[in-house]
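Colleague: These are the residues of each chain, in order.
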Amino acid sequence: MNNALHAEWTKVRTVAGPAWLLSGVIALTVALGTVAASAAQCRSAACGIDPAKISFTGIYLGQAVVAVAGVLAIGNEYSTGMIRLSLTAVPQRLTLLFAKAAVLAVPVLIASLLAVAASAVIGWLILPGRGFTPGHGYASLTAGADLRAVVGAILYLTLIALLSLGVAAAVRDSAVAIGLVLGLLYVFPIVASLVSDATVSRHLQQIGPMSAGLDIQATIGVKNLPLTPWQGLGVVALWTAGALLLGAVVLKFRDA
Amino acid sequence: MTTGAMTPYRSQASSGHERFWHLLHAEFTKFRTVRGWVITMIIAILATSAFVFLSSRAQCSAGGSACPPPPAGPGGEPVADAFYFAHQPLTGNGTITVQLTSLTGEFQNQNANGQSVMEPEGPQPWSKAGIIIKENTSQGSAYAAMMVTGSHGVRMQWNYVNDTPGLTGSVSASSPRWLRLVRTGDTIAGYDSADGTHWTLAGTATLPGLPATVQGGLFAASPNDSTSAITLATGVFRHVGLSWPATGWTGTNVGGTISVNGVGVPGSLRQSGGALTVSGSGDISPLAGNFSVLTVQTALFGSFAAMIALIVVGVMFITAEYRRGMIRVSLTASPRRGRLLAAKAIVIGAVSFVTGMIAAALAIAVGTRVLGKGGLPLSPVPALTEVRMIVGTGALLAVAAVLALAIGTILKRSAAAVTTVIAATFIPFLLAILPPSPLGLREWLLRITPAAAFSVQQAQPQYSQVIASYTPNGGYYPLAGWAGLAVECAWAAVALTLASYLLRRRDA
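Line by line, the protein sequences are chains A and B. Start counting the first sequence at 1; every next residue gets the next number (our numbering). Start counting the second sequence at 1001; every next residue gets the next number (our numbering).
Hints may contain errors.
Heads up, incomplete: computed chain B residues facing chain A, CB under 10 angstroms, no partners named [stated by the list, open to error]:
id	residue
1	S1056
2	P1435
3	P1478
4	L1479
Calculated lysine-lysine pairs in the DSBU-like style (CA-CA distance at most 35 angstroms, straight line) [what the hints assert, rightly or not]:
id	chain 1	residue 1	chain 2	residue 2
5	A	K252	A	K11
6	B	K1030	A	K252
7	B	K1030	B	K1412
8	A	K223	B	K1373
9	A	K11	B	K1412
10	B	K1373	A	K252
Bear in mind the hints are in silico, worked out from the structure with no lab data behind them. Since this is a predicted model, take the numbers as computed values, not measurements. A virtual CB, placed ideally from N, CA and C, is assigned to each residue, including glycine.
In isolation and in its complexed conformation, chain B is listed as follows (with noise of 0.2 angstroms):
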């Protein structure tokens, strides 16, 4: 044996960074090569469509009877459009200007023969009387309009869903208010003042391909109360001016005269000294509130069962390497124990997101064709919302995924670990959409536990001029789209920073 000079080892690894992309491969090939989980992330995008199926026989809700389809809006979706409409032509550019003194309110109660009549009180909130200028008097027609409301002061709204505030407080003799509108082509501007000598802009609406000779006038509309009675909404008009050539005026019921029980009250117009009386009962704004809509986010049920089997593979992603011991060895293989972690986190997150992402865009598909084949047609949703409720599905079951591996990390055993992820997510959304619990609690459950994150899946906004019923239950969650996603996010920081620390303190 000779006794040379030992040349000193020299590791030959590369660089950290370089690294830290072979533990990414070593991670994503240890998932690929278990057959088992890459079959349930198949089995997750399947199933996630299964679900679509069972929305597919939705009827409208009226009673169980089948019900005619709402009248659909410029952009497609489903409106209420049923006002009291006193009108004229207008052909070209032109302006209406009015004051208006009052707004009232009645409803429809039953007196000691059972019999309907109509007593006074106040306006309800969201009550209109003013000014509209209207493609035609067929419902879901382009619409904009400046109005009073019951208790929001003036309003313009176009199109159903646009409403910005104008001047605030309520209307009187004393105190009236003066209302505006200018056609131009296929702008209309609105305008609000005290006094008709000093004018605000409230809002410019565009409306595309408006034709030439559209419908003007004074409109009045009344909202349901919270019982359901019908209720009118009377505003009486003075100093009506009109740019062009007065026709006289000609009263619609726009949507037929609104009954409940087939009792009706239609609208009407009043003229006398100056000054028009005109009352109306409906509503022009969309349809939203619980189930009164439907959308593809009824197609994403499904995810609930895509996220408890990617909850699943997340977890067994460590656990099955404290099992079998295997976390011995990669612990060898990687001393720096938090970047295994890191490595984990990676690879197991953009499984799920992609796998997510693949089963939302799939169920969407699916539910494209054959969701709204039951009475309840299906109502668009904007291109860019859909996108946010695709790549919103795959970040919800990838953070979950993570959630999964952190607490696995934390607790070794998969059955608890599981468990863990799996009520302190699902338990919270069981009670924030059951009926026992009360709705304020309700709402915290979806703010505060890893289940806020359902609401990326949101498809329809909740109206602030339109008064429902919004809950999870219906669709309408109580954060905003990605701050939900935020909620659930901080969770799994929490869990893998502790997983981190515990993976580093701990012997394998």
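Same shape as in the complex, but just chain A (with noise of 0.2 angstroms):
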């Protein structure tokens, strides 16, 4: 286990393409979170918006890159062939997986930490400036809601790291890989938010991956919310299970 670790480590930090994806999820998350922090706006007491939802709007950017990263992380070894020397070298196959799942949640995980206080910071210096301020209710935010909201970012990046990584592992192919992970990200809460019927809504806010998971991030109107936060989170937690269980049972009895 330690020697596969160890190789995969070795992988890992020594081609280009890993640091350049985390600093990339590291930039653009900032970045998106800057622009949506100067684009808000509360111009009144019951202006409703949530400064949390705000400075972490980077997230949908950042996460596609988190996902590239976790798909990369096998699907670069299917596409050149790498996979089968790898699984000679590591015969045990789940170890290989359980192997780059480790060397991948780990730098998501520093990678998102980083991202997510530095938009946190960000809004924090901004957001007061744009109305975000105590005559209008955002006096002291509830620190424990703040808390939340942070840590959860940072889980729900590195979760989705690890759903790509397990879609990746069952369908073998990077782009398709991808599609499907973005796919699953995007469509839920687009159709959720256009769809005219109230029930279907909700519940497709409930289920898809990236709708239940920002729940995480609400500091404001938490009764309103389709799930709990942390059952939003618990959702990701079953899609990427249910993936990486999908990539393993396809990785022990597929040919490689």
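Need the complex rebuilt from these two chains, each delivered in its own frame; the hints are there to steer you.
Modeller: See below:
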């Protein structure tokens, strides 16, 4: 196990791709978050805008790059044929998948931490100037909700990376895998907010990994969410577990 | 070995035109023989129709409880038709002329005891008072009307969706407005005048099948204000001139008395000293705005999923060649690299266009059958609009696939290219429809990003004479249908130009 981990870590460390992708996660998340915070405006006490959601808007974009990192963690090996060499070196296929998941999750967790923390700080600096003032009810954000939003956003990004790894292990093609993951992420919330049937819309928001997972960022109106914040993250965890399980089954029982 | 004179080599290849045709054929063969891509196209078609069922039980959204279906206008479209009507029967051709000297407004408020009281305020922008010729007093029947509005001057409106301007400015005793309607068979002409002598034609309405005997008279209506409070418009009419023997006025609250929370405000007619004062609430207009109307646009939500599938195929159509080294064979066969890219773009564009059109036509066919069963009726869409939605969806998906091909050529990496195209289209769309972003920013996102192209699916026009919330969530886009598609085309053209340049400059 240790050898497999070490081998995977060496692979990640010695190619430029992962480092670029993780820098991209941080840069894009922070950049879009800054734009969103600068464009936001709270004009009255009842504006009902969630400052945490504004600060973390960049996650819409950051998660796409995280998904690429997750997909390429195994997809690159399939496209180059390297996977056969890897499986010869580590014949216990599930060990290989586990090692890949571990060396993916830790760097993504660290990059997410930096991205989310930077977004939070930028939001904290910009938003008071955009009307998110004590006078409009943003005096003392409950620290619990804020901390939950930050921790939740970091965990969300990490889960999306693992979800992508699982999907890529199952379909074995980077392009198809990233299409499936991004479709899963983006199509649910779009259709949920367009559909005119309130019940269907609510269910779509509960099922879709992005809409459910981002409930964890809510700091206001938590009672009106389709799911409680931690339930929402639980939905993402279920999707991730399902994808990894599927990936593991395919990896174990199919020829590489 | 004999060393005879060698015949110099002459290419047997025919003219460039014919070679391009071969290139297209070669690229189409590449596409057709990859089973995964063909299956993806079929899945995209079926998935689009599957999404229709998400909306099949959509209900009328009045506080979660079932509400009666709205009345349908002459074109079958859902309409608002509630106003106070002082009318008398008019048989055959005839003319109504009035002078309007005042239009005032009131709104329903609560006093200190919690009772509803009407308090004066300026008229609503689209409060209306004027003259109307209407098929009968039931909701949704055909009509033509000349009216003075709260802040849009004199208008002629007919059959709910038609609206043309007349004299501008507001009405007062010192600056009255004269209105006239002339019925000739199925045609009703509207005139206005500032002095009762010099008349200007405001518009001509054709109401096919108008019966011989219709109801003609005075009306007032005032739509609810932005806080949904009931408002009342009051018009003062003088010099009422009828071309037929007058029979006395009958007052009718068309559509019943408007009420909010059980407190209604009936309209009224008062006659004194040669003046008729008519008050009324409600509106005579098409239903418009977010979620007020269910159309087959709802049947096209699946095109988001189809678009992702086509983007993946569009990218792979070139990156698969890079991955397998096939690109070198392709470029040897077609050394003019720009042409290879053009052939690929045409093939993937054409295949996606056909796929998208079939998907949209099928989804609309399914939608016409299954939508509107949950209480909110499916309102008809003009045939030309439906054609625009189907052809437009095909074009929207084709351009997305070509954009994907171009980005795939630029980046050479599948995952990066797929992500770039999906992110460039879907993230602006998400930001435009999810709550946190301010509305001005949302509109710009749907004007300048590739997501603008979804405007081609808009089924309902935005009516300037109906004040409502028109946002992308409700299916209203800031750009007109084809203009939005042109924005996406511009993105694809720029990407294709860059791709062609890089393909020629770089080693394969």
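Colleague: Each of the hints needs a verdict: does it hold here or not?
Modeller: Now the hints, each set against the structure:
1. Hint on B:S1056 holds. Least Cβ distance to chain A is approximately 8 angstroms, under the 10 angstroms limit.
2. With a cut of 10 angstroms, the hint placing B:P1435 at the interface with chain A holds, because the nearest CB-to-CB distance is about 8 angstroms.
3. Evaluation of the B:P1478 hint against chain A yields a violated restraint, the C-beta minimum of about 16 angstroms exceeding 10 angstroms.
4. Restraint check, B:L1479 versus chain A: the minimum CB separation of about 17 angstroms is more than 10 angstroms; hint violated.
5. Between A:K252 and A:K11, the direct Cα distance comes to roughly 22 angstroms. Compliance with the 35 angstroms bound is thereby established for this hinted pair.
6. Restraint check for B:K1030 and A:K252: satisfied, since their Cα atoms lie roughly 32 angstroms apart, inside the 35 angstroms limit.
7. Of the supplied pair hints, the one linking B:K1030 and B:K1412 holds, its CA atoms being roughly 18 angstroms apart against a limit of 35 angstroms.
8. Distance check on the hinted pair: A:K223 and B:K1373 sit about 32 angstroms apart at the alpha-carbon level, within 35 angstroms; holds.
9. A hinted pair counts as satisfied when its Cα atoms are at most 35 angstroms apart, and A:K11 with B:K1412 qualifies at roughly 22 angstroms.
10. Only pairs whose Cα atoms come within 35 angstroms are accepted, and B:K1373 paired with A:K252 is rejected, the gap being roughly 47 angstroms.
Figure legend: structure checked against the earlier numbered hints; hints not met, in rising order: 3, 4 and 10.
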